[in-house]
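Please put together the full structure from these sequences, using the hints given.
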Amino acid sequence: MESCVNTEKDIDKFEIKFDLFKKQHEHNLDILINDVVQLKNVLSNSQDTFCVDETMKAISGLCKKARASAIKVSSLHKDLHSSVSKIGKTIDRNFDSNCGRVNVSEILIDDSSHKLLNTAMCEHFYRYGYNTVAESLIMEAQLEVDPTWKHTFIEINKIISSLQNKNVDLALSWAMDRREKLIKEKSQLEFKLHRLKFLSIINNGKEFQDEAVAYSRNFQSFALEHSLEVQKLMGCLIYMHQGLANSPYSDLFSEELWNEARRTFAYDACRIMGLSVHSPLMSSFTAGCQALPTLLAIRCVIEQRQTSGVLTNNDELPIDIDLDNSQHYHSVFACPILKNQTTDKNPPVKLVCGHVISRDALTKLVSGSKVKCPYCPVEQSPSDAKQVYF
Amino acid sequence: MSTYSGMDLRAQEYGTLKVPYEMLNKRFRLAQKTLDREVHNLTGCFKEVEERCSTAATANPGEVVLMLNGVIEKLKSAKRKASDAIGAEESSSKLCKLRVQHLKLHASPTPNVVTDWKETRFYRMVVDHLLHCGFYDTALKLASYRNITELVNADVFITARNVEQSLENKQLELCLAWCHDNRSRLRKLKSNLEFTLHLQQFIELVRCNDLLGAVKHARKYFSTAESSQFEEVKQAMGLLVFNSTTHLSPYKELMSESRWKFIKEQFRYENYRLHQLGELSIFKVTLQAGLSGLKTHQCYDKTSKSLECPVCSPIFNKLAEPLPFAHCAQSRIVCCITGDLMNENNHPMMLPNGYVYGEKGLHKLARDGVVVCPRSSKEFNLSSAQKLYVM
Chain A
18 MESCVNTEKD IDKFEIKFDL FKKQHEHNLD ILINDVVQLK NVLSNSQDTF CVDETMKAIS
78 GLCKKARASA IKVSSLHKDL HSSVSKIGKT IDRNFDSNCG RVNVSEILID DSSHKLLNTA
138 MCEHFYRYGY NTVAESLIME AQLEVDPTWK HTFIEINKII SSLQNKNVDL ALSWAMDRRE
198 KLIKEKSQLE FKLHRLKFLS IINNGKEFQD EAVAYSRNFQ SFALEHSLEV QKLMGCLIYM
258 HQGLANSPYS DLFSEELWNE ARRTFAYDAC RIMGLSVHSP LMSSFTAGCQ ALPTLLAIRC
318 VIEQRQTSGV LTNNDELPID IDLDNSQHYH SVFACPILKN QTTDKNPPVK LVCGHVISRD
378 ALTKLVSGSK VKCPYCPVEQ SPSDAKQVYF
Chain B
405 MSTYSGMDLR AQEYGTLKVP YEMLNKRFRL AQKTLDREVH NLTGCFKEVE ERCSTAATAN
465 PGEVVLMLNG VIEKLKSAKR KASDAIGAEE SSSKLCKLRV QHLKLHASPT PNVVTDWKET
525 RFYRMVVDHL LHCGFYDTAL KLASYRNITE LVNADVFITA RNVEQSLENK QLELCLAWCH
585 DNRSRLRKLK SNLEFTLHLQ QFIELVRCND LLGAVKHARK YFSTAESSQF EEVKQAMGLL
645 VFNSTTHLSP YKELMSESRW KFIKEQFRYE NYRLHQLGEL SIFKVTLQAG LSGLKTHQCY
705 DKTSKSLECP VCSPIFNKLA EPLPFAHCAQ SRIVCCITGD LMNENNHPMM LPNGYVYGEK
765 GLHKLARDGV VVCPRSSKEF NLSSAQKLYV M
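If you read the protein sequences in the order shown, they are chains A and B. Each residue of the first sequence is one higher than the last, beginning at 18 in my numbering. Each residue of the second sequence is one higher than the last, beginning at 405 in my numbering.
Bear in mind the hints are in silico, worked out from the structure with no lab data behind them. All C-beta atoms in this analysis are idealised placements derived from N, C-alpha and C, irrespective of residue type, glycine included. Fair warning: there could be bad hints in the mix.
Said to hold, decoys possible - Across the chosen pairs, the derived CB separations fall in these ranges:
hint, chain 1, residue 1, chain 2, residue 2, range
1, A, K381, B, H767, 33 to 39 Å
2, B, G773, A, E320, 56 to 62 Å
3, A, Q321, B, Q639, 43 to 49 Å
4, A, K381, B, K722, 35 to 41 Å
5, A, D127, B, M641, 36 to 42 Å
Said to hold, decoys possible - Computed list of lysine-lysine pairs in DSS-like fashion (alpha-carbon distance at most 27 Å, straight line):
hint, chain 1, residue 1, chain 2, residue 2
6, B, K478, A, K82
7, B, K620, B, K656
8, A, K95, B, K620
9, B, K764, A, K203
Here is the structure:
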């Protein structure tokens with residue numbers, strides 16, 4: 018933040034000086050023009066009393082004035098130069114001009130990897146509904162795109178925008194078509210959509226009472242699992258005549274239910290189609306924004322100490338990257354004793370007391386036929402340790 | 405969290421601010437030149453008036469009035485030209501200010517503002533990357549969709565695009581004009597581009613068998629060549645001897661079509677340097693860092709793929725292959741039922757078959773005190789789960 022504040026300060030300083038200059042420049046020029054116009058008017062109005070000497074004096078006076086004024090303006094502008102270059106120097110000091118030096122290996126090494134990244138970008142655009150942008154990219158990058166996920170995203174986006182317009186039908190027919198898959202994923206989508214439809218029928222007014230009751234038959238299959246919810250919905254029928262705004266069920270008609278339905282739909286649709294809920298491009302970029310400063314800092318340290326072997330000899334990054342909690346997708350177990358990651362050959366094992374270490378560490382701790390947990394006084398025999406699967 | 409300290413701004417936003425600054429610099433110098441020129445003109449103009457008035461013969465009021473009218477016109481035109489140049493300066497300075505103010509939003513206390521800012525940043529970087537790749541239409545469409553046209557350096561690339569297209573059509577004029585416009589900066593950067601263009605003109609003249617024209621051209625442009633370029637001049641002159649279908653190196657390379665691609669790339673490179681743009685798009689650099697930070701051995705193990713992990717998805721799985729793995733000194737275990745971290749708020753619990761899940765996840769799946777292990781499909785009592793302690 019300091020970087021921005023410093024830069025802004027210098028820009029402001031320049032702006033102040035510049036405004037001053039601009040005003041002066043206009044003012045000077047206007048005065049000059051006025052003077053000349055005046056002289057001209059005087060001359061044209063008093064043609065009979067024309068005196069060469071006087072005119073000459075007036076004109077040469079004007080000339081001197083004009084020259085001085087113009088030179089002054091030009092040098093005023095020159096003075097601005099230092100403020101301008103100061104801005105540039107502040108930017109150079111506060112921002113890194115070469116963040117590319119952080120990377121040890123490149124990912125965009127050849128045409129095929131460029132194609133992969135372009136395809137990823139295209140997928141991202143379709144995912145978020147930027148269809149024209151995606152098509153433009155396909156044309157410019159000459160991509161061949163698998164039509165299945167393209168159509169999937171287009172369909173999902175269409176349904177989401179219909180939900181935004183408070184229209185449940187498209188979503189409902191989609192959910193009913195995929196009922197079995199949704200049940201397998203333990204999704205509550207179909208119930209939520211039926212609920213919204215029921216509520217919107219009720220909202221239309223008391224004349225739709227019969228329709229509402231008829232529609233409630235749809236809740237049969239959900240009645241067991243969502244018994245409380247269904248009871249609430251049926252309770253709404255009582256208040257249809259008085260109006261539901263003052264009933265105890267008024268919160269069922271808020272925006273929140275629609276937002277929840279949209280979120281559930283997006284989540285479940287992605288899960289069924291085998292897609293991730295968030296765009297992988299965006300997730301990787303977000304992770305990168307947190308990784309980049311750390312990597313740059315470590316690169317600085319490495320360059321200073323001239324131990325560049327650390328970077329090239331390992332197939333691991335030299336430092337931990339602190340990622341947001343939402344970006345830990347895999348379990349990573351680092352043995353607290355040996356400080357290395359567990360692998361298939363060296364899996365994590367649980368001691369009788371519940372503490373978990375790696376098998377290699379267990380082997381190292383064995384003395385005789387017993388092993389003592391390094392964290393608590395419990396003793397056991399090595400064979401009591403059980404392999405765990407995260 | 406490191407983001408609040410602004411370190412990522414430091415790493416990524418150099419181009420965002422430096423490019424409009426360079427534009428301001430350029431317009432400042434242009435304005436200075438304009439002002440100096442107007443000073444010169446006006447001084448000359450007034451001097452002329454003085455001289456003409458001093459000769460008695462032409463000293464009559466009508467003439468003087470005419471001359472003064474001329475002076476007024478010149479003054480007005482000077483004012484206009486200066487105003488244009490100064491106005492251009494002002495708009496550049498305003499753009500710099502706009503961008504800095506946008507960057508400051510990064511540290512806003514309102515979480516919604518910060519989330520929006522991060523999303524805008526993503527799209528800013530994507531547009532910048534698209535421009536770097538040469539996908540100008542896509543970039544501009546996206547920029548206008550997201551309303552970020554003022555925050556991205558599209559202008560630099562658009563002027564470049566026109567020149568690049570002309571080079572693809574084997575026409576050198578636009579590129580030469582560009583070099584002329586930016587001559588002083590290119591000289592400071594010790595750029596070879598103009599020489600390369602003149603060389604190509606020479607080659608084209610030889611290709612059409614206009615040998616005399618080629619020699620004249622050489623005399624005009626190569627006589628001022630610097631010592632580092634002598635080798636190429638010598639080769640070029642040697643080209644006069646051979647015709648365009650020669651198989652001898654280096655003359656074959658000089659006559660080949662791929663030189664046009666080389667010129668286009670050199671132009672692109674010089675354009676970046678001129679505007680202080682990096683050759684790499686920040687987006688690519690960031691993406692690489694992110695993929696590396698996310699890459700785990702499980703991403704390449706068929707049995708432990710995660711749907712949400714970007715590196716597990718097919719495209720990034722392939723892309724991330726040459727990258728180093730993430731380093732993990734601290735254990736972080738994730739419950740595969742809920743996707744949440746397992747810690748003191750969500751204790752890791754081991755079922756009798758050795759599979760571990762979070763306490764919250766198990767309670768979610770449990771029906772009547774019985775839970776079905778999602779990975780082995782075996783049933784267990786919830787009470788048989790043992791708490792684990794992961795240090």
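Here is how each hint holds up against the structure:
For K381(A) paired with H767(B), a C-beta distance near 37 Å keeps the hint of 33 to 39 Å intact. At about 60 Å, the CB distance of G773(B) to E320(A) agrees with the hint of 56 to 62 Å. Our hint of 43 to 49 Å for Q321(A) and Q639(B) holds, since their Cβ atoms are close to 44 Å apart. Between K381(A) and K722(B) the beta carbons are some 39 Å apart, a value that agrees with the proposed interval 35 to 41 Å.
The supplied range of 36 to 42 Å is met by D127(A) and M641(B), whose beta-carbon atoms lie about 38 Å from each other. This hinted pair checks out: K478(B) and K82(A) have alpha carbons roughly 16 Å apart, not beyond 27 Å. Proposed proximity of K620(B) and K656(B) is supported: the alpha carbons are some 23 Å apart, at most 27 Å. Among the hinted pairs, K95(A) with K620(B) is inconsistent with the structure: their alpha-carbon atoms are about 42 Å apart, more than 27 Å.
For the given pair, K764(B) sits about 16 Å from K203(A) by alpha-carbon distance, which is consistent with the 27 Å threshold.
In summary, the one numbered hint that this structure violates is 8.
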